[in-house]
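K.L.:
Chains Z and Y are the protein sequences, given in the same order.
For the first sequence, counting from 1, position 139 maps to 138 in numbering that gives the first Met the number 0; every step adds exactly one.
For the second sequence, counting from 1, position 99 maps to 98 in numbering that gives the first Met the number 0; every step adds exactly one.
Hints are supplied without guarantee of correctness; some may be wrong.
Claimed, not checked - Here are the simulated SDA-like cross-link-like pairs (lysine to any residue), alpha carbons at most 20 angstroms apart as the crow flies:
| no. | chain 1 | residue 1 | chain 2 | residue 2 |
| --- | --- | --- | --- | --- |
| 1 | Z | 266 | Y | 99 |
| 2 | Z | 123 | Y | 331 |
| 3 | Z | 294 | Y | 239 |
| 4 | Z | 294 | Y | 131 |
| 5 | Z | 294 | Y | 99 |
| 6 | Z | 294 | Y | 241 |
| 7 | Y | 331 | Z | 125 |
| 8 | Z | 293 | Y | 102 |
| 9 | Z | 294 | Y | 105 |
| 10 | Y | 331 | Z | 259 |
| 11 | Z | 205 | Y | 238 |
| 12 | Z | 205 | Y | 105 |
| 13 | Z | 266 | Y | 144 |
| 14 | Z | 294 | Y | 148 |
| 15 | Z | 294 | Y | 136 |
| 16 | Y | 331 | Z | 294 |
| 17 | Z | 294 | Y | 151 |
| 18 | Y | 331 | Z | 49 |
| 19 | Z | 294 | Y | 238 |
| 20 | Z | 226 | Y | 146 |
| 21 | Y | 227 | Z | 255 |
Unchecked claim - Chain Y stretches covered by chain Z per the calculated footprint, using a threshold of three residues with CB under 8 angstroms from any CB of chain Z:
| no. | stretch |
| --- | --- |
| 22 | 42-54 |
| 23 | 98-111 |
| 24 | 136-145 |
| 25 | 245-258 |
Hints are computed from structural coordinates only; laboratory data are not their basis.
Don't be surprised by glycine CBs; every beta carbon is placed ideally from N, CA and C.
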Amino acid sequence: MNKKTIIKIALISLLVILSGCSGIKLPGINLLGRGNSNQGVIMEQENVCLDNNGLDIRYMDNMPPERIYEDDKFYVSLALMNNGCRNIEKGKFTVSVDTDSLQLEESPTGTIEQDISNFRGKSKFNPDPELRTLTYTVDSKRIPQDRKFLEKTITAHACYEYETIASAEICINPFIKDMFDIRNDVCQPGAVTLDETQGSPVVVSKIITKTTAREQGADLEFYIFVKNIGLGKVKEYNEGECSGSQLVKIEEVRFSDFTTAGNGFNKIACEPMAIKMRTEDENYVRCKATLLEKKAAYTTLMSIRLSYAYDITNTATVIITKPEE
Amino acid sequence: MKRGINSGMILFISVALLLFSGCGAFGGRGRNPEDTVAINTNFHVGTEGVFVRFVDEALPPVMYDRLGANRDEFVIQVELWNKGAYDTDVGLYLGGFDQNIIHLPTESAEDIHLMGRSLANSEGDKKDIQFPDVNGAYDGSVTIPQGSDSYRANMQATVCYEYSTEASPIVCLTPDPYKITSSQSCVPGTITGGNLGGQGAPVAVSSIIAQVIPGQVVFKILVSNANKGRVYAREEAQRGGKCPYDLTYLDMNYVDYEVTMQGRTVTSSIIPGSTEVIPNCQPARLRLANNQGTIFCRFPVDAVQKSTYETPIQIKLHYGYMDSINRVVEIKSIK
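Working from the sequences, and respecting the hints, build out all of it.
P.N.:
What follows is the structure, given as structure tokens:
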């Protein structure tokens, strides 16, 4: 058998293999077009809401520098990034210095306030965070004669309104637990732990569903646990100020056609409609709903929308020294 | 010349190989026993009633919540196949999903009547039921709530139907159990397996033990649920009955029966009858425990007969049967 014949046989063998029924399948690709493939290939979208800090405040490299001389000028530059997945509709950013030793050129009071409203968050379609850079010129004052250096703090602080939108699969089963496995229920109510990648500093960490079966329908109870996992504190936003009370408002809880905004039969009642965060930054609220009819157990999505003010501070330290002799 | 023959041979072999390698090659018709074996005329075999399955092609494991003309529509096709030997009306119910997300009905709108296997219908009736149906109020569209990326529905199809089982074995009786003769035509005892006369239903008569005492015979009839579904009281199998969602433990595992021998029939009853009257069967209404139950029947033995003899006993069981299947479907939002 010469070389050409071997090549011919190899080619024919390849043809034979390729002409088989199922063809060669690669994930998401149907090479030979056989079978039902009307789904096409849809790219999986990655979760962009992995960051739990909301607004991130960072000092740019060497701005401020670690050491400065007295009677000098330097820059403080800050990068503000909304790393979360919600927009900041209202917010205020302040930078302040100790006026005994430092002076902000644009403010004799040592504090500059800036509006950070309409600050876009990440989204599937725009996964890069919005970035705003703020630069301030600072003058250092003379330090006392008897001191070789002074250590001073520059404080960047933001207070902003933010939201959390969380969603979890819960089980609605209007029947008492099927001890005898009569109905082969698809699910049982219980505790659901949520993935904390909700793109917000306050997350819904757990939902516990409890059912009390009634002759017609059932009473449902939901215990919604909320937790602050960001670097800041939950506050209340009042006219541009973050006040002391750590309140997370429940804007909406929804599943199927039940909602906190509903009336009558499809009402979810949460008591209270705001959760006061405890010292350990976690608390829960109990919500109730009533199913009027019995129907098969089913899984559904519960979505929860929370609103709150978030308060975050980032400081930088500068050492003011006398010029070297 | 030799080279020409070689090329021709290669071409011939390759064409032949290509032809043979197509769909179904090397496993062609006639190789499967079903294709060649003569039509089976014994329909009272097996332990299946109404077989239910999701038609795979209609229900991919992952769907997308798309808007506009290209949106995915949720179409569920459920195949029902009466593989047993009795005709029945079937209630088909869909559950496990939120109708606010997947806009599908939870019950088949049409009346489903399926003929069982018979001489005229050797396969039994098969029907594909589609959700949503063409005239229904639901359009099969999918809406994932805002803020959620995906929804995993555990689709469940449940069938409820009334079914029957018939077993008609030949039993051996003797008018005088103490009389030993050398020429007994049969010996009373236990009847199992193929000797039970075939059944073709999910609830089966698994064995019959005949014990002859002077003047009467006692049958111990063992009944079992031979398939994976649940048995319940047949009166709840009608449309509007409790099946599937309103069934409680009090409705479960009831099997009605009729036992006939030599023209005498004993029928199960909700009200217990007298145990003194012969023939009689106990319990008045059979209830399975752990999918098994036993009926004890006493019948008089024909005193006219002088020696052992064989006679048929007919056992009919009536019950409701419920079976369900599940399929997880994930819907992903691309909004």
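K.L.:
Against each hint, give a clear statement of whether it holds in the structure.
P.N.:
Structure-based check of all given hints:
Under the criterion of a C-alpha separation no larger than 20 angstroms, the hint pairing residue 266 of chain Z with residue 99 of chain Y is consistent with the structure, at around 15 angstroms. At roughly 13 angstroms between alpha-carbon atoms, residue 123 of chain Z and residue 331 of chain Y fall within 20 angstroms of each other, so this suggested pair holds. Under the criterion of a C-alpha separation no larger than 20 angstroms, the hint pairing residue 294 of chain Z with residue 239 of chain Y is consistent with the structure, at around 14 angstroms. Between residue 294 of chain Z and residue 131 of chain Y the alpha-carbon distance is near 18 angstroms, which keeps this suggested pair within the 20 angstroms criterion.
Under the criterion of a C-alpha separation no larger than 20 angstroms, the hint pairing residue 294 of chain Z with residue 99 of chain Y is consistent with the structure, at around 14 angstroms. Simply put, residue 294 of chain Z and residue 241 of chain Y have alpha-carbon atoms about 12 angstroms apart, close enough for the 20 angstroms limit, and the pair holds. A threshold of 20 angstroms between alpha carbons decides the hint, and for residue 331 of chain Y with residue 125 of chain Z the separation of about 19 angstroms falls inside it, so the pair holds. At roughly 18 angstroms between alpha-carbon atoms, residue 293 of chain Z and residue 102 of chain Y fall within 20 angstroms of each other, so this suggested pair holds.
For the proposed pair residue 294 of chain Z and residue 105 of chain Y, the alpha carbon gap of about 9 angstroms is at most 20 angstroms, so the pair holds. With a C-alpha separation of about 25 angstroms, the suggested pair residue 331 of chain Y and residue 259 of chain Z falls outside the 20 angstroms cut-off, and the hint is violated. The straight-line distance between the Cα atoms of residue 205 of chain Z and residue 238 of chain Y is roughly 41 angstroms, outside the 20 angstroms bound, and the hint therefore fails. Between residue 205 of chain Z and residue 105 of chain Y the CA atoms are separated by roughly 30 angstroms; this puts the pair beyond 20 angstroms, and the hint is violated.
Straight-line distance between C-alpha atoms of residue 266 of chain Z and residue 144 of chain Y comes to about 17 angstroms, which keeps the hinted pair within the 20 angstroms bound. Annotation: proposed proximity of residue 294 of chain Z to residue 148 of chain Y is violated, straight-line Cα distance about 26 angstroms (limit 20 angstroms). For the proposed pair residue 294 of chain Z and residue 136 of chain Y, the alpha carbon gap of about 18 angstroms is at most 20 angstroms, so the pair holds. Of the pairs offered as hints, the one joining residue 331 of chain Y and residue 294 of chain Z is violated, with about 25 angstroms between alpha carbons and a cut-off of 20 angstroms exceeded.
Taking the CA atoms of residue 294 of chain Z and residue 151 of chain Y, the gap is about 19 angstroms. The hint holds against a cut of 20 angstroms. The suggested pairing of residue 331 of chain Y with residue 49 of chain Z holds, with an alpha-carbon distance near 19 angstroms, which does not exceed 20 angstroms. The suggested pairing of residue 294 of chain Z with residue 238 of chain Y holds, with an alpha-carbon distance near 16 angstroms, which does not exceed 20 angstroms. A threshold of 20 angstroms between alpha carbons decides the hint, and for residue 226 of chain Z with residue 146 of chain Y the separation of about 19 angstroms falls inside it, so the pair holds.
Taking the CA atoms of residue 227 of chain Y and residue 255 of chain Z, the gap is near 32 angstroms; set against the 20 angstroms cutoff, the hint is violated. With 0 residues carrying a beta carbon less than 8 angstroms from a beta carbon of chain Z, the stretch 42-54 of chain Y misses the three-residue requirement, and the given coverage is violated. Counting residues of the stretch 98-111 of chain Y whose CB lies closer than 8 angstroms to any CB of chain Z gives 4, which reaches the minimum of 3, so the coverage claim holds. Here the stretch 136-145 of chain Y counts 3 residues with a CB under 8 angstroms from a CB of chain Z, which clears the bar of 3, and the coverage holds.
Here the stretch 245-258 of chain Y counts 5 residues with a CB under 8 angstroms from a CB of chain Z, which clears the bar of 3, and the coverage holds.
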